[in-house]
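Required output: the full structure, derived from the provided sequences and hints.
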Amino acid sequence: MIEGTTPRSYPPGAFIVREGEKGNSIYIIVKGQAKAVTKVGGQEIVLGLLNESDFFGEVAFLTGRPRTADVVTAHETDLLELPGESVNALLAQYPHIRAVLESLYIKRMQITIDVMKSAKGAL
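Quick note, in my numbering, the sequence shown goes up one by one and the last residue is 123.
Simulated from the structure, these hints should not be mistaken for laboratory data.
Hints may contain errors.
If you anchor each label on the Cβ, the simulated ranges turn out as follows [claimed, not checked]:
{"#": "1", "residue 1": "Pro66", "residue 2": "Ala14", "range": "17 to 27 Å"}
{"#": "2", "residue 1": "Ala14", "residue 2": "Pro95", "range": "32 to 42 Å"}
{"#": "3", "residue 1": "Gly42", "residue 2": "Gly84", "range": "31 to 41 Å"}
As the structure is a computational prediction, the values presented were derived from the model and not from experiment.
Don't be surprised by glycine CBs; every beta carbon is placed ideally from N, CA and C.
Written out as structure tokens, the structure reads:
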């Protein structure tokens, strides 16, 4: 799997991905921390924190839809980017990984819905 990845480094406050952009990569945090955020009524809503060994990008990869949130570094952050072709090769070799990705996707969508409901009530 490591052969198909591209190492990336970002300073604090850098956007790794932006909501609405097309995405076909999954990212794995090697060092650092990032946050997934969206805006509602001009207010930034934090959807979740991502730490070392966490990954993100599975929603756009699995659905083919645009990114559902911005992911911004909280500290200096090192990542491995796994492009779609490499993810597909990994899934072909280890099909059970798709179920893990889909499970996480469903969990993150539910968290997003809950956070958005709370934010709407607070506005």
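Each hint, compared with the structure:
Take Pro66 and Ala14: their Cβ atoms lie about 20 Å apart, and the range 17 to 27 Å holds. The given range of 32 to 42 Å is respected by Ala14 and Pro95, whose C-beta atoms sit roughly 34 Å from each other. Taking 31 to 41 Å as the suggested C-beta distance range, the pair Gly42 and Gly84 conforms, at roughly 33 Å.
Of the numbered hints stated above, none is contradicted by the structure.
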